[in-house]
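Its first residue numbered 1, the sequence shown is counted upward by one per residue in the working numbering.
None of these hints come from the bench; they were simulated from the model.
Just so you know, not all the hints are guaranteed correct.
Unchecked claim - With a Cα cut of at most 27 Å, we get these calculated DSS-like pairs of lysine-lysine:
hint, residue 1, residue 2
1, LYS55, LYS76
2, LYS64, LYS85
3, LYS51, LYS34
4, LYS76, LYS64
5, LYS87, LYS76
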Amino acid sequence: MNTRFQGDSVAAVKQYVSNARAVLDSLSHFEFLKVRTGQLRTDLHDSQSEKLGLKLQLVRVAVKLDSSGRANGPLKEKLSTTEAKLKGSRAENWVWRSVAVLTLLELATNLINVFK
1 MNTRFQGDSV
11 AAVKQYVSNA
21 RAVLDSLSHF
31 EFLKVRTGQL
41 RTDLHDSQSE
51 KLGLKLQLVR
61 VAVKLDSSGR
71 ANGPLKEKLS
81 TTEAKLKGSR
91 AENWVWRSVA
101 VLTLLELATN
111 LINVFK
């Protein structure tokens, strides 16, 4: 019985020695993956933190945009009334120019008639 156990233990040692390279490779691969998983977790955490920061920044910009839009409302109204006044002034200028041209034409006609 003692020889049987010795034979079994010799076979077990031989099997262990023959599998040692594969076991070492598996352990090395496991350690590499463990380190890589840690790096990826850190990257994920950093990305999530950056994403939250960007969301906060987006909310702040949206609030500023909304308040700017409300502040620009009266300015837009004032701009439209000023543009309307400008159009009216331009039309009035053209009317006065037309009257001036007609007056000059009438004056020129009268002068021509005087010298005839």
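Legend entry - Those earlier numbered hints the structure runs against, lowest number first: Hint check: 1, 2 fail, others pass.
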